[in-house]
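Student: Listed here are the chains, written in short residue letters.
There are 2 protein chains.
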Amino acid sequence: MSTPLPNQAVRGSTSGVPIMAVFDLLGRKWNMRILWELNNKPMSFRGLQARCDGMSPSVLNTRIKQLSEAKLIDKTEQGYQLSDMGQSLMLTLNPLREWSHKWHKVLDSDYK
Amino acid sequence: MSTPLPNQAVRGSTSGVPIMAVFDLLGRKWNMRILWELNNKPMSFRGLQARCDGMSPSVLNTRIKQLSEAKLIDKTEQGYQLSDMGQSLMLTLNPLREWSHKWHKVLDSDYK
DNA sequence: TAGTGGTGCTACTTATTTCGTAGCAAAACT
DNA sequence: AGTTTTGCTACGAAATAAGTAGCACCACTA
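Heads up: the sequence lines are chains C and W, in that order. So the first sequence is numbered by the working numbering: it starts at 1 and just counts up by one. So the second sequence is numbered by the working numbering: it starts at 1 and just counts up by one.
Fair warning: there could be bad hints in the mix.
Remember, identical chains collapse to one label, so a pair may be satisfied in a single copy or spanning two.
Unchecked claim - Pairs of lysine-lysine, BS3-like flavour, derived with a Cα cap of 25 Å:
{"hint": "1", "residue 1": "K65", "residue 2": "K29"}
{"hint": "2", "residue 1": "K71", "residue 2": "K105"}
{"hint": "3", "residue 1": "K75", "residue 2": "K102"}
{"hint": "4", "residue 1": "K65", "residue 2": "K41"}
{"hint": "5", "residue 1": "K65", "residue 2": "K102"}
{"hint": "6", "residue 1": "K29", "residue 2": "K102"}
{"hint": "7", "residue 1": "K29", "residue 2": "K71"}
{"hint": "8", "residue 1": "K75", "residue 2": "K41"}
{"hint": "9", "residue 1": "K29", "residue 2": "K41"}
{"hint": "10", "residue 1": "K65", "residue 2": "K105"}
{"hint": "11", "residue 1": "K75", "residue 2": "K65"}
{"hint": "12", "residue 1": "K75", "residue 2": "K105"}
{"hint": "13", "residue 1": "K29", "residue 2": "K75"}
{"hint": "14", "residue 1": "K71", "residue 2": "K41"}
{"hint": "15", "residue 1": "K71", "residue 2": "K102"}
For the record, the hints were derived by calculation from the structure and aren't laboratory data. Model, not experiment: these values are computed from the prediction.
Please build the complete structure, drawing on both the sequences and the hints.
Tutor: This is how it looks when you write it as structure tokens:
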């Protein structure tokens, strides 16, 4: 399993179009969540693991490698943290929080 | 495998916080891609399959069910298409395209 | 009206990904 | 020196995704 990066073929697409690489990378379990958690503050390996409901260390390990290769996170004295690119990604993903609340309401009202 | 919906426990989180449900749902392979493709135009089952590099029908089938349950897509005369919620999701995800291009450039310049 | 082709699937097997647990080496703390 | 904490690796089991085959249901055509 290789890290999906733009400009090379990614899982589910041979085009190498950047957005497809994003879908591939973020479409893997935990990646969005990890970035989300790191958005709050830098965290250690075990800290991340705890925040992410005890995700298995093997997966966390591969995720960290992928996100590092993708230049979205860095390892520092303070633990793992978002890179500049990672921060800008979270910035563009921010509206998702508001959207999720609307979604919640819609589903709620539909099923009651 | 159940559809991750807000207000109930989702994979990787017992909190039921809406944003976690989003991560869970979109973190499954193909879901973002499917929405992305439907954003352009409504499509048939086989149309979607073709656009998504021949994804297996079994997975597409379960995805369609999940996205339908999540009220993000509907089935119509014209094929599958985004619901209002689905459209608003794609709207908030739109900036991702621009971001992906920046990302592309950064990775490119770093590795040359 | 028998044949052709497209569509929306289901069934089944295999491959890949993720989980869960155990454990270990290195650093930090007591 | 002994105990914790941290950052992992290993490995078997479970869940998810891929790949292929095929069938029922149209719509159209010869």
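Student: Of all the hints numbered above, which does this structure not satisfy? Sort the numbers upward.
Tutor: Structure breaks no hint.
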